[in-house]
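Novice: The chain contents come next:
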Amino acid sequence: MRNLWIFISRYNAFFLFIIFFVIGVYLTIKNNAYQRSVTLNSSNEVVGNAYERLNVFKRYLNLGMVNDSLAAENARLKTQLLRITTADTSKDVKVIDTITHQQYTYLAAKVVKNSITLRNNVMTINKGSIDGIKNGMAVIAPQRGVVGFIRDVSEHLATIQSLLHKDTRISVTLKKNNALGSLVWGDANFDIRKAFIKEVPNHIKMNVGDSIVTSGFGSFPAGILVGKILKPNVATNDNFLSGEVNLFTDFATLQYVYVVKDKHADEQKALESLVKPNE
Amino acid sequence: MNSRIIIVNVIRWVILLFVQIFLLKNMGFYDLSTPFIYVLFIMLLPFEIPNILLYLLAFGTGLTLDAFYDTMGVHATACVALAFVRISFISISLNRDAIDDPEPSLSYMGFQWFSLYALLCVITHHLVLFFLETFRLTEIGYTLMRCGLSCIFTLIIIYLVESIFYKRSSR
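Residue numbers (the working numbering), protein chains in the order written: chain B, 483 to 761; chain C, 286 to 456.
Everything labelled a hint here was simulated from the structure, so no lab data went into it. Heads up, a few of these hints could be off.
Only pairs whose alpha carbons sit at most 25 Å apart, straight line, appear in this in silico SDA-like list of lysine to any residue [as the list claims (entries may be wrong)]:
| id | chain 1 | residue 1 | chain 2 | residue 2 |
| --- | --- | --- | --- | --- |
| 1 | B | 560 | B | 538 |
| 2 | B | 616 | C | 424 |
| 3 | B | 512 | C | 420 |
| 4 | C | 310 | B | 515 |
| 5 | B | 616 | C | 421 |
| 6 | B | 512 | C | 416 |
| 7 | B | 512 | C | 352 |
| 8 | B | 512 | C | 418 |
| 9 | B | 512 | B | 657 |
| 10 | B | 512 | C | 398 |
All of these numbers come straight from a predicted model, not from anything done at the bench.
Model the full structure from these sequences, guided by the hints.
Specialist: This is the structure in structure tokens:
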């Protein structure tokens, strides 16, 4: 023990150097967005691959439930298809070509890592830039409900900044009167089934059970069911109403998600970048 | 004598950081060559300074620079690397018991010793700084070129400053 102490104090310059250098690099990675994203992307590739292997086992356990949900969704889609194919189109004079004008396409992806217990939750999916995924795309849950936004993309994997994150805000409306609001999570409690709708104008009446849908102003398509009002008209001190929302998305058992590709996203971004803020 | 050293170093710190932040920050040749003269403060700290104090001063100076350059941690890390090189070089090249000069400056140590000392310190600092800033190895050629050109620029300014304060009598 004494020899060790002598050794350390003799080479104290080196040990102090290691300590301070590590602190410096840590500060650099923690506080600079670019350095953090480089570190995250390379480590994510490794961690994501490991989780993907581990999840093969976990997938079997939940197979029954996933099958059920897929069957239910199949049924719903078949019903929709039935409605389309049996509709009497001969009466329609004008035929709208919906295939070539389709703005959104969905891409199914498997969740390889999920977290729900943190203040800022991020999940990883097994689709990446090779499948055309880009930063900022919207992600929705299979049946109904929203999940979040794509955050970082590597070649085969991507991370999602889920709704359960302090920076996530989703533009939503009340379905019955189209009143705008934004959906945030974790303001008063960290229950993964509850979020808040905020910034609803004061004259709007909210009731228990009102449906909340996406507004279509962000990267989410309009009209995706998000949740139901649980506790309406929570007054805040900023001239707007808030409400507690019961989310449809079950983040705890999420296994598959759909990434929404917006055909017009680049065009919209380019166009809107021409408008300078505060002009 | 002790308080004089402290006052001299405090004044040097203030002047060097002032020049670095308000003048040299806005100077540079096509983003290739940027001088970082503030490293002179860490290089010129007195010989008898304890290692831990040297590291703390280097880290603090770096953090101050980072606050103005908006690159939290990058300069601090580079300064710590410089402090390590300073300690190693001094302990290798000089006999610790025979040092009777107060600080490792050009006027006390002579041109040859000081040149090698400044070159090693500046190169280490700039290498760490530029690689932490770029944070990838794909642009290694460009990074090394920026690093080399900045080293030359910094060294020229260090010699200029040192020759202004050169005291012939002390040699």
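Novice: All hints are to be evaluated individually against the structure, with a verdict given for each.
Specialist: Going down the list of hints, with the structure as the test:
| no. | hint | in the structure |
| --- | --- | --- |
| 1 | B:560 - B:538 | 29 Å, violated |
| 2 | B:616 - C:424 | 24 Å, holds |
| 3 | B:512 - C:420 | 13 Å, holds |
| 4 | C:310 - B:515 | 21 Å, holds |
| 5 | B:616 - C:421 | 22 Å, holds |
| 6 | B:512 - C:416 | 16 Å, holds |
| 7 | B:512 - C:352 | 14 Å, holds |
| 8 | B:512 - C:418 | 13 Å, holds |
| 9 | B:512 - B:657 | 41 Å, violated |
| 10 | B:512 - C:398 | 39 Å, violated |
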